[in-house]
Amino acid sequence: MTRLIEARGLSVRYQGADVLQHVDFQIDGGEIVTVVGPNGSGKSTLMKSLTGALQPSAGTIARADGLRLGYVPQKLSLDPTFPLTVSRFLDLPRRAERQERDRVLDRLGIRGIATRPLSGLSGGQYQRALLARALLARPQLLILDEATQGMDQRGSADFYALIADLRAETGVAVLMVSHDLHVVMSASDRVICLNGHVCCEGSPEIVRSAPEYRALFGTGTHGALALYRHSHDHSHDHDAGHHNAHEHFREHAPHGSEHAHSGGPGRGSVSHRAGIGPDLQAPVAETDVGNLGKKARGIGESPGTPALMSSGAAHTGCDHDHDIYPGRDGQRVPSPHTRQGDAPTGKGTATEGSPSLTSSAPDYEHGKSPVTDQAVPDAGIPSVAHRDDALHPAGDVHPASPGAAGNAAGDRARAARKASAKIPVAPRSFPEGSEP
Amino acid sequence: MSGLFADFMIRAALAGVGVAVTAPWLGVFVVWRRMAYFGDATAHAALLGVALSLMLHLPVYVGVAGIAVIMALVVAALEDGRSGLGTDSLLGVLSHGALAIGLIAVSFLPGARLNLEAFLFGDILAVSWSDVAVIWAGAIVIAVLVGSRWQALLTATVNPDLAWSSGLNPDRDRRILTLALALLVALAIKVVGALLITALLVIPAAAARPLSRSPEAMLGAAIAIGAFSALGGLVLSYRIDSPAGPSVVAVSVACFALSRVVAGFLSIRRV
Numbered sequence: 005m006t007r008l009i010e011a012r013g014l015s016v017r018y019q020g021a022d023v024l025q026h027v028d029f030q031i032d033g034g035e036i037v038t039v040v041g042p043n044g045s046g047k048s049t050l051m052k053s054l055t056g057a058l059q060p061s062a063g064t065i066a067r068a069d070g071l072r073l074g075y076v077p078q079k080l081s082l083d084p085t086f087p088l089t090v091s092r093f094l095d096l097p098r099r100a101e102r103q104e105r106d107r108v109l110d111r112l113g114i115r116g117i118a119t120r121p122l123s124g125l126s127g128g129q130y131q132r133a134l135l136a137r138a139l140l141a142r143p144q145l146l147i148l149d150e151a152t153q154g155m156d157q158r159g160s161a162d163f164y165a166l167i168a169d170l171r172a173e174t175g176v177a178v179l180m181v182s183h184d185l186h187v188v189m190s191a192s193d194r195v196i197c198l199n200g201h202v203c204c205e206g207s208p209e210i211v212r213s214a215p216e217y218r219a220l221f222g223t224g225t226h227g228a229l230a231l232y233r234h235s236h237d238h239s240h241d242h243d244a245g246h247h248n249a250h251e252h253f254r255e256h257a258p259h260g261s262e263h264a265h266s267g268g269p270g271r272g273s274v275s276h277r278a279g280i281g282p283d284l285q286a287p288v289a290e291t292d293v294g295n296l297g298k299k300a301r302g303i304g305e306s307p308g309t310p311a312l313m314s315s316g317a318a319h320t321g322c323d324h325d326h327d328i329y330p331g332r333d334g335q336r337v338p339s340p341h342t343r344q345g346d347a348p349t350g351k352g353t354a355t356e357g358s359p360s361l362t363s364s365a366p367d368y369e370h371g372k373s374p375v376t377d378q379a380v381p382d383a384g385i386p387s388v389a390h391r392d393d394a395l396h397p398a399g400d401v402h403p404a405s406p407g408a409a410g411n412a413a414g415d416r417a418r419a420a421r422k423a424s425a426k427i428p429v430a431p432r433s434f435p436e437g438s439e440p
Numbered sequence: 083m084s085g086l087f088a089d090f091m092i093r094a095a096l097a098g099v100g101v102a103v104t105a106p107w108l109g110v111f112v113v114w115r116r117m118a119y120f121g122d123a124t125a126h127a128a129l130l131g132v133a134l135s136l137m138l139h140l141p142v143y144v145g146v147a148g149i150a151v152i153m154a155l156v157v158a159a160l161e162d163g164r165s166g167l168g169t170d171s172l173l174g175v176l177s178h179g180a181l182a183i184g185l186i187a188v189s190f191l192p193g194a195r196l197n198l199e200a201f202l203f204g205d206i207l208a209v210s211w212s213d214v215a216v217i218w219a220g221a222i223v224i225a226v227l228v229g230s231r232w233q234a235l236l237t238a239t240v241n242p243d244l245a246w247s248s249g250l251n252p253d254r255d256r257r258i259l260t261l262a263l264a265l266l267v268a269l270a271i272k273v274v275g276a277l278l279i280t281a282l283l284v285i286p287a288a289a290a291r292p293l294s295r296s297p298e299a300m301l302g303a304a305i306a307i308g309a310f311s312a313l314g315g316l317v318l319s320y321r322i323d324s325p326a327g328p329s330v331v332a333v334s335v336a337c338f339a340l341s342r343v344v345a346g347f348l349s350i351r352r353v
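Protein chains in written order, with our numbering: chain A, 5 to 440; chain B, 83 to 353.
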């Protein structure tokens, strides 16, 4: 596989602040990589560094020789005094062959808008016009910066399906940015959680390939069901309340990449007073169909659910070993711990770039856990407890919940207590604007 | 019409048209990128350049261009947000600061003091043939500079990150634009004066906007409107004995109003 871009030890200062610190990143030909993280986590800074718009203050960025980038910005700073039709826009910065231009417009289904002013397009057309311009450069790497912002869920899903198709057709690598876990597409080969540093990185689970999901949701759920595997096993002192991502970031800034490591998974650490210990597998998010508001709230209030991830690591989400299974679009995701004994043996921390979990997807229907991370006996709260928590997010999540009491051994109960201890913190740390 | 009269009118017309057709190359970007204040700051600094030139016995063009470049660099250096002021406030400080200091500097030069009005509002009827030559040479330089970076400048105007990802360097292109602007200020100071240079940048481009559906059309229309304004202003100045520089600007404002009205009547769809 051709390496397209590789960053090593990348640190970037922007307007006097250390926005990125010691970031290692690489993307190979044909890969789809999604970067998620809260607002202000350095996602855009990373993109700007990769395109060359920002110079690193430390570290290196190596690009493949003659690398062709196709960049799809979040929006254009188009002044209303700037007359620009779609077709003129497509000629920037290089004039496109008319035939080639029509081919791309046809492929994206926007042939009819070529003569329209760019500023008069709908969200979906606009995004496709930006994409068309990027494709005309015959890119080896497409960079999409929150490309679906302002689009509805259907539109986003269609757009991501299109991206996946384009990758399949042309072999273009795709690097996407999102502040929202829920729009992470299932076709991602790799997901990187960023919050100033790379919090975690791994392969999302392609659950929609499982027959029972197709049966439940049809084949149209080009959804964002992703598995997060937190590969860090370091620990941080969480004594100070984490009210926002930046606080988290600053607190860890002095550590650099050399975070203090706890004794390893399963040993717990007193410093994790307000968080899930590294020995916990995060539970499952179960969400109500079509009830996004509730979903967001529920996520925020139930331990270990995607809020941890989308709130960035504002809390423990960024720092500890746990897997997160977001249910998107009301998909009900079974607990990965339904039968912990059957879970495939742990592979240790996630290996970046390898979709190692894909093969376990069919196991879902048999109730087996696809989780391969960490030692199973330490793998956290029993499933029943999780499901209760998730279904009644605002409810009492006492450590002595039926599941924990009924099934768990002593250390699991302790783990559950740890989990519940952080419940009041999670909603506070949910950053503004990250709610779907 | 005596031969002498015809001669200075021809020089005035050539100088005026030369500046008026050059300004839109930068004027469209001033409008698209909202750099009007930046144009003001650079132009106002020109007065300081005039004083400096007279003190050092340099050609006015050299002093004005030099000071304009320095001003542009100062603005660019302070513009990155660390000053804690908005860009418009910052430019307001620099622009009027430069104007005030320039006025003080000129007041210490006995000869120049008499000509203050000429530096502020231009004295197009006093241009020499060498001025005309300098103006048209500068006009060609500016058109070539901007024309050669046209696509890159448009891309960066749409979105700087688009330009970066296409292997362009928007920072460098912006410096080219800034240098060209300083050069234009130097060319225009004798024609319209320090206070009205921004008018030549902004008004023809703004007047061209409702008539254009592409960046190139807008540039072309702005050039045409600029040339018409220069000639029309001179004629007006001759007929009613008004100051030439302000007359040129007044005609361009009339064009602006007319284009808005026409666009309104024809309901030309705004692109």
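These aren't lab readings, by the way, just hints derived from the structure by calculation. Computed from a predicted model, the values in this text were never measured in an experiment. For glycine and all other residues, C-beta sits at the position ideal for the given N, C-alpha and C. Misleading hints may appear alongside valid ones.
[Said to hold, decoys possible] What the simulated footprint calls covered on chain B by chain A, stretch by stretch (three residues with Cβ under 8 angstroms from a Cβ of chain A suffice, anywhere in the stretch; the number is not a length):
no.	segment
1	104 to 115
2	226 to 232
3	239 to 248
Taking the hints in turn, this is what the structure says about them:
Residues of the segment 104 to 115 of chain B with a Cβ under 8 angstroms from some Cβ of chain A number 3, which satisfies the need for three, so the listed coverage holds. Beta-carbon proximity to chain A at under 8 angstroms applies to 0 residues in the segment 226 to 232 of chain B; the threshold of 3 is not reached and the given coverage is violated. Using a Cβ-Cβ cut-off of 8 angstroms, 10 residues of the segment 239 to 248 of chain B lie near chain A, which meets the minimum of three, so the contact claim holds.
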